[in-house]
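Novice: Here are the chains, one letter per residue:
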Amino acid sequence: MTDVLMPALSPTMEEGTLAKWHVKKGDKVKSGDVIAEIETDKATMEVEAVDEGTVEEILVPEGTEEVKVNTPIARLSGEDGASASPPAAKAEAEPAPEAKAESPAPASRAEASGDPERKPPEADAKPKPEGEGTAPIAPVQALKDPDLPEGTKLVKMTVRDALRDAMAEEMRRDKDVFLMGEEVAQYQGAYKVSRELLQEFGDKRVVDTPITEYGFAGLGVGAAMAGLKPIVEFMTFNFAMQAIDHIINSAAKTLYMSGGQIKTSIVFRGPNGAAARVGAQHSQDYAGWYGHVPGLKVIAPYDAADAKGLLKAAIRDPNPVVFLENEMMYGLESDVPEGIDWVLPIGKAKVRREGTGVTLVAYSRMVGFCLQAAEKLAEEGIDAEVIDLRTIRPMDIGTVVESVKKTNRLVTVEEGWGPMGVGAEVAARVVELAFDYLDAPPARVHQEDVPLPYAANLEALSLPSVDKIVTAAKAVSYK
Amino acid sequence: MAREQTGAAGRRKANGADNHKPFRAGGDDPKDGGKAELLKHYRDMLLIRRFEERAGQLYGMGLIGGFCHLYIGQEAIAVGVQAAQKPGDQVITGYREHGHMLACGMDPKEVMAELTGRASGSSHGKGGSMHMFSTEANFYGGHGIVGAQVSLGTGLALANRYRDDKRVAFTYFGDGAANQGQVYESFNMAQLWDLPVVYIIENNQYAMGTSIDRSSSETHLYKRGASFRIPGEEVDGMDVLAVKAAAEKAAEHARSGKGPYILEMKTYRYRGHSMSDPAKYRTRDEVDEVRKTRDPIDHVEEMLEKKGWADEAMLKALDAEVKRIVADAAEFARTSPEPDPKELYTDVYTEVTA
Ligand SMILES: Cc1ncc(C[n+]2csc(CCOP(=O)(O)OP(=O)(O)O)c2C)c(N)n1
Ligand SMILES: [Mg+2]
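Residue numbers (this note's numbering), protein chains in the order written: chain A, 1 to 479; chain B, 1 to 354.
No wet-lab data here; the hints were simulated from the structure.
Some hints here could point you the wrong way.
[Stated by the list, open to error] On the chain A side, residues computed to face chain B include the following (Cβ under 7 Å): (1) 7; (2) 10; (3) 50; (4) 54; (5) 201; (6) 207; (7) 211; (8) 215; (9) 279; (10) 458.
[As the list claims (entries may be wrong)] Reference listing, derived: stretches of chain A covered by chain B, where coverage requires no fewer than 3 residues with Cβ under 8 Å from a Cβ of chain B: (11) 179-191; (12) 235-242; (13) 403-415.
For each residue, glycine too, the CB sits at the ideal point set by N, CA and C.
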């Protein structure tokens, strides 16, 4: 006698609706038979029997909602070890285990729905720090998020939909913009970011490619050389390593090598960083890798408004842009201005939380971690300022320096490895530009210096966490 | 027994313009093997199927994380090819590798415990579903990057040739992987240098949501070596004896110093690409049709019964044994401890010895 348990489609599913029973008491079932259908807000799936036996009893009737995962839903008699498995999902599920992601920290919500043009205090008035080692593409002081016209409505939107809308708006605006990548068209995107673009723009402008990253990235760069404006989606940036030669050797360097003749206006985009439990080959943060390369612009947004405004800017930019998204954040909601052409400046950081005690610098998903850490630090009397870099290259080091002049302490946070990383760069620049203002050596929080392990406990130990940020902030505050 | 390929899974043009015949065996062919052999194939395939069903269940319970790609439907390939291998031969494949590991003779407990990320797993919990290895079983992975294993497998063959040890590297990849550039770079070198590698293309008709005719200009993948002069053959990958016979012929070619060989196995995956794929790109009927008419396990079961080599009671007993093994593996994988936190920092580098 065995219980059939309520299955989960993903590790994050906690409950679902038992929509339908395909069997009744007394029915014989065998392996592979569909015995029930369950539903969540994202998917409907069929429950298959794993073994044979006779249905002894239906424990949860059809139509029951909020059935917790692992609750016994039926009892089988007969063979030992009989039970059911959840596969053969049929519906809107993600192909990847989309961990629901942490909900945005309260501070970020407030900030996002507030004034998007908020800028660091007096950033404009201060002179630009000396000693810029990289060629500035535009003077940072001149950059500023656009003012919102009176009465602009803000709508709650997921990062996923904000990215989609950015692409759709730019494709409507410019017929040279097109999207290509694996599963972007008929499947509607491996993570559903390109949902309905095929329907609106057709298969000439939304193109499913074979699994040939090196090849299609090269085709994209070639098409850009000929004047089109491709958006190349990588299913994840892990697979862009197959294509990194074209991103660097062909896209980033050709303008320079051709003495300014050949421009490549192209966006390489897709999820970056660690997802949940997908192991070493599928979990890397490439911000530092691409940030190293002159000729590339590199963007890694945090919330939906930035995702939209910066992707639109990236598509319009005449340079190759690497646009790093994060799978764990696609489902995160925040406010996005509606009804206006929302384009943000590339190369401008954003102060997400003001504070005077310590400067926390991060990008992408780690911004949320820093905002949560700031709340915890506040409880311990440390007033943290949180800076969202938004653009990795060109880096708005001026905003960081202004903050450090006020707080005298710096903690950098990134999901990638520490050595030669984004935090290393930020710390080096701050030491160059504001050495006399520092009251403690800068601290870096990053992934442990190992390939990301699969085991749940080791994975958690390896990645940055809110607690690790709190510990580092207290250390530089000598508390 | 010549079974016709049907439905979407059988887009082969039988005796088409290229006058090509798929390789198959069975029926009264002497290659049928004996009773013991057929029973072993049956049991090995059943073990993979039951193992994968259980893995799917553990995934549903949240005990397996990340991605999990099941091998259900394709069992005859790993089992048939394994039967053609000699001790010392190597195996390498992609992320859909649980079946190959079991076919290589690895302990189901170790494989299942890797899926749950436990210290007793084959990679001590550090690799997970997509990255599993066993030097003991000459199993070189378990690779998460589509196509990577093709160059690596060719490199294993390079080592075999270098040492002249008569080993063959069995290198598996999918119909989607067959489009990666490194596959062709490898083909060229393999033939140029007569490397002992057998390329096994598991053509299950889909790469995630993309059917082969939407991704490939030449959908007869056995022909993909033609411009490198590598012989290729199409095989009914749902027929374990056909698989075995074809693999024996290909291995003999490679082992004797003639270079690489390509086998295109026509097969089908019953489940979604991974556990979280709703598989809306194909119809339920398409899947059912294959399950009903081409199932590799049912096929052997019919043969066994027809020949009088097994009766219902015997098959039931076999099934019970397999189920017990799988249930034990699941229990082991569920209850084994997680790796020691100190393991986080081990295995990054090999210790340099003086
Ligand atoms: C280089 C690379 N690109 C994309 C992916 C994502 N991905 C994983 S499996 C897969 C489909 C592969 O299909 P196929 O080769 O037919 O093998 P099957 O899954 O059918 O066994 C894709 C696109 C990846 N892992 N690696
Ligand atoms: Mg395939």
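Novice: Identify whether the interface hint at residue 458(A) stands, where standing means a beta carbon of chain B within less than 7 Å of its own.
Specialist: 5 Å, holds
Novice: Quick check on the hint: residue 201(A) CB to chain B CB, less than 7 Å?
Specialist: Violated - the Cβ of residue 201(A) stays beyond 7 Å from chain B, reaching only about 18 Å at its closest.
Novice: Per the CB criterion, is residue 7(A) less than 7 Å away from chain B?
Specialist: Where the cut-off is 7 Å and the nearest Cβ of chain B is about 3 Å from residue 7(A), the hint holds.
Novice: Regarding the hint that residue 211(A) lies at the interface with chain B, is the smallest CB-CB distance below 7 Å?
Specialist: At about 5 Å, which falls below the 7 Å cut-off, the nearest Cβ of chain B leaves the hint on residue 211(A) intact, so it holds.
Novice: Holds or violated: residue 50(A) as interface residue toward chain B, Cβ cutoff 7 Å?
Specialist: Because about 5 Å separates residue 50(A) from the closest Cβ in chain B, which is inside the 7 Å limit, the hint holds.
Novice: Against chain B, does the region 235-242 of chain A show at least 3 residues with beta-carbon separation below 8 Å?
Specialist: It holds: at least three residues are needed, and the region 235-242 of chain A offers 4 whose Cβ sits within less than 8 Å of chain B.
Novice: Would the hint on residue 207(A) be counted as holding, given a Cβ-Cβ threshold of 7 Å to chain B?
Specialist: Violated, because the Cβ-Cβ distance from residue 207(A) to chain B comes to roughly 11 Å (cut-off 7 Å).
Novice: In terms of beta carbon proximity below 8 Å, does the region 179-191 of chain A have 3 or more residues touching chain B?
Specialist: Since three or more residues must qualify, the claim that chain B covers the region 179-191 of chain A holds, with 5 doing so at under 8 Å.
Novice: Given residue 215(A) as an interface hint, is its Cβ closer than 7 Å to any Cβ of chain B?
Specialist: 6 Å, holds
Novice: Under 7 Å, Cβ to Cβ, is where residue 279(A) needs to be relative to chain B, so tell me if that hint holds or is violated.
Specialist: Holds - the Cβ of residue 279(A) comes within 7 Å of chain B, reaching about 4 Å at its closest.
Novice: Quick check: the region 403-415 of chain A, covered by chain B? Criterion 3+ residues, Cβ under 8 Å.
Specialist: With 0 residues in contact (Cβ-Cβ under 8 Å with chain B), the coverage given for the region 403-415 of chain A is violated.
Novice: How about residue 54(A): closest beta carbon in chain B under 7 Å, or not?
Specialist: 16 Å, violated
In the structure shown, a violation is registered for the earlier hints numbered 4, 5, 6, 13, in ascending order.
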